[in-house]
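With the hints as extra help, turn the sequences into a complete structure.
Here is what each chain is made of, one letter per residue.
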Amino acid sequence: MSTLNIVNKSPFEKRTLDQCLSRIAAGDAVLLIEDAVVVAAAGTSYETELKSASASHKLYVLSPDLEARGLAERSLVDGFSCVDYKGFVALVTEHDRVHSWL
Amino acid sequence: MEEEYAGGVEKKFIYINRRAPHGTVYPLESLETVLIGAAFDQDVSMLFIDDGVYQLKKDQSTESIEFKNFAKAFRALEMYDVEKLFVEAESLQERGLVEDDLLVDVEVIARAKVSELIDQQDVVLSF
Amino acid sequence: MKISILVNEGPYQHQASDSAYQFCVAAIDSGHEVSRVFFYHDGVNNGTNLTTPPQDDRHIQKRWSALAESNGVDLVLCVAACQRRGIVDEGERDRNKKDAINVADGFRISGLGQLIEAGIESDRLVTFGD
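Protein chains in written order, with my numbering: chain A, 1 to 102; chain B, 103 to 229; chain C, 230 to 359.
Worth flagging that the hints you see were computed from the coordinates, not collected in a lab.
Careful: at least some of the hints might be erroneous.
[Unchecked claim] Below, a list of computed lysine-lysine pairs in the DSS-like style, where the Cα atoms sit at most 25 Å apart: (1) B:K174 to B:K186; (2) B:K159 to B:K113; (3) B:K159 to A:K14; (4) A:K86 to A:K58; (5) B:K114 to B:K215; (6) B:K215 to B:K113; (7) B:K159 to B:K174; (8) B:K215 to A:K14; (9) B:K186 to B:K113; (10) C:K231 to A:K86; (11) A:K51 to B:K215; (12) A:K86 to C:K291; (13) B:K114 to C:K231; (14) B:K170 to B:K159; (15) B:K215 to B:K159; (16) B:K186 to B:K160; (17) C:K231 to B:K113; (18) B:K215 to A:K58; (19) A:K58 to A:K14.
[What the hints assert, rightly or not] Just so you have them, the derived chain A footprint on chain B, three or more residues with Cβ under 8 Å: (20) 211-217; (21) 223-229.
Being a predicted model, the structure only gives us computed values, none of them experimental.
Using N, Cα and C, we set each Cβ at its ideal position, and we do this for glycine too.
As structure tokens, this is what we get:
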């Protein structure tokens with residue numbers, strides 16, 4: 001049993017990502033969409049935290065949102081996988097439930 | 103308003119409340135959904151974390167801002183068989199609140215137990 | 230799989246309804262059934278037919294209506310949210326003595342029970358919001 005957690009806020013603006021990571025189960029996945037994608041790019045002050053999160057969680061980022069924000073060419077933080085919308089759909093079906101951290 | 107659901111399926115629903123009341127409409131709508139949903143005879147839990155714990159704060163008085171004081175409705179949840187209210191201990195502590203500040207009986211759980219609770223659910227609705 | 234969607238935000242202001250739409254298209258393309266999209270809070274503003282976005286911009290309402298027509302997706306607007314925000318169908322016009330109807334093709338106005346029912350009857354419920 002595992003949950004797909006979706007975060008859509010940049011951690012530079014809201015604390016949602018931290019609030020999510022502090023509570024999810026080992027084996028849960030986290031998908032960053034919308035403004036949250038900015039932090040999947042390497043070189044931000046969140047890189048260390050996300051790298052350690054990737055040890056116990058699968059981390060995904062929605063590539064169309066990354067492209068839209070000019071970050072498609074940046075290397076990603078180790079442990080992140082890119083998905084398109086079809087990949088997003090697949091993640092929804094592969095997990096038992098979806099929790100959008102609004 | 104809603105007819106009783108005759109589908110015979112019972113799922114576990116959790117309503118996750120993370121926002122303070124009144125600043126946005128979501129906390130009020132969360133409660134509305136729970137009350138409407140009660141007619142469907144599902145297994146319902148409500149979880150209050152982060153600023154969501156303020157929704158249960160005693161002594162809310164909304165007359166001056168001309169808002170409906172929906173906090174009173176939390177006391178009525180029992181009549182709708184919604185009895186599983188969970189509040190995260192760390193969220194209370196961070197805000198200088200204690201269980202006695204809350205207007206209904208709740209089960210206080212540790213942050214480390216939140217994922218366990220969510221892991222038991224079929225449907226997660228977050229407000 | 231049977232998937233339902235909850236949209237909490239209005240069009241153009243927040244990316245939520247765009248994300249929800251792109252997700253629905255991909256889900257259908259992947260062979261899944263998107264049985265219902267429930268629009269709640271400001272999300273009901275996705276269902277007014279009175280919008281005129283600039284020609285070089287996407288037409289969010291028309292995209293939803295087309296999705297309903299081509300794939301039979303049930304687009305449901307929360308009645309209480311509609312009443313607060315002025316989204317009106319024939320029944321609401323008559324009941325509340327209004328002089329216009331603005332609910333777009335493919336959308337219907339109904340109660341919150343439709344959201345609960347979607348949660349019960351779908352394999353997954355995915356929320357897009359703020």
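Original post:
Against the structure shown, which of the earlier numbered hints fail to hold, in ascending order?
Top reply: 2
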